[in-house]
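S.K.: Going by UniProt numbering, the sequence shown opens with residue 1, and the numbers climb by one from there.
These are calculated hints, taken from the structure and not from any lab test.
Computed from a predicted structure; not experimentally measured.
Misleading hints may appear alongside valid ones.
Unchecked claim - With a straight-line Cα cutoff of 30 Å, these simulated DSS-like cross-link-like pairs (lysine-lysine) come out: (1) Lys277 x Lys266; (2) Lys72 x Lys94; (3) Lys72 x Lys251; (4) Lys51 x Lys203; (5) Lys43 x Lys269; (6) Lys51 x Lys110.
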Amino acid sequence: MQRPSRAPSSRRARALTGAALSLCLFAGAGYAVAAEPDPQDRKSKVDEDLKQARGDLHDTSAELVAAYDKLKATRTKLPGARSAAAAAEKAETKAQGEYDDAVAAYDLAKANEDKAVKELRTTTTKMSSSRRAVAGFAGQVYQQQGLGTMSVAVGSEDPGAFVDKMIMAESVGDTQSSALEELSTSRANLVSSGDRLKALRQKTSDAKATKQTKLTAARDASTRADAKQADLESLEKDQETQSAALRREKKKDQKKVDSLQAQSDKLTKILEERARKARIREAQIRKARAEQQKREADARARAERSRSSSDDSSSGGGGTSDPNPPAPVSSGVLQAPSNAPVSSEFGLRLHPIYNTWRLHAGRDYAGACGSPVYAAADGEVVMALPPGSTGGYGNQIVVDHGIKRGVSLSTTYNHLQSFAVRSGEVKRGQVIGYTGTTGSSTGCHLHFETRTNGTPVDPRGWL
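Let the sequences and hints guide you as you build the complete structure.
M.R.: As structure tokens, this is what we get:
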């Protein structure tokens, strides 16, 4: 019977190319999914940062305590320093007053001494003048007394007048002598007073010098006390600034610790929840594995019973069994590629080798190794690949069926023991290979996939 006409060659080529590329992509590579950082890794990093942050907080707190201790010690010293500065200032004020009094006493003593010296000089000058007057008068009297008798005797002068002159001269001499004695007494008194005033001036000078020394010492002490107070106040200010900076640093460190602690707590909850789900999932996996193993065992048992029944029928009829029994009959776009029972459908399942949940992209038929595999529909073998080039599919045949229902339809036959065809046109129900367990497989079976535009779909929608 002649085959119906196929699509134009150019359209056929485009469909084949698209199917082949899509199959290569799905057969040779997995889905690339951006992996999120593992919570356990994140928690380890957060806990490490938290440990460092707590260390920083501890160090800052210790520094702050030390700064507070120093500030407290400084503040303890300040009242004494202020009291000492006040006392030193009071002592300086007192010393200044005493020095001022000493200066005033010295100035008064010096003035009195200067006055006495001046008076002494005046009296001494007067005494010198009086001595000269007395000496001159004495000479004159001597001369007059030596010639008086003769003058009276031989002169014409009146003796009464002569007597009067002599009396007057004697009276003047007595007066001048008395004045000279008074001046001499006054000078002696002035000399004595001058000596006392000189001694007083020296005493006040010594007192002034002593007060000057005390004042200088008081000023120095006050300066030192003021400097010590100023140093302590400056130190207090610096320590307050340092303490404030450390308080800010501690607050910042505490905020960081709190933030990291919150992250750590959140990740702990995530990990606890993940562990809880893992326990549930592990239980589900164990259950699913047991159910899957039971299904596979049941499928193998049914297949064994089917073969035994077929063998018995063949033996009873006296004929020879057909190594390639007829393909299953189906009215769908595709027919079943094997007579064996289905052991696993399309959908998410626990992978029997990798123990991870992933998409089972096809349908498994639990046929015995060597049982025939049929083409699901007319098409062209575009690939017949060995295990090393198909990832985990083992020996694989890819058949392109052209455009069906508006999409490019292809089927794949995997884990084959061997190929019956490697290229070219095939017909629906034609034997194209034999069931095996090559590639990532746990036992003899056919993994059958249906792909539209290169994407795996549930074969049941086409069978």
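S.K.: Need the list of violated hint numbers for this structure, in ascending order.
M.R.: 2, 4 and 6
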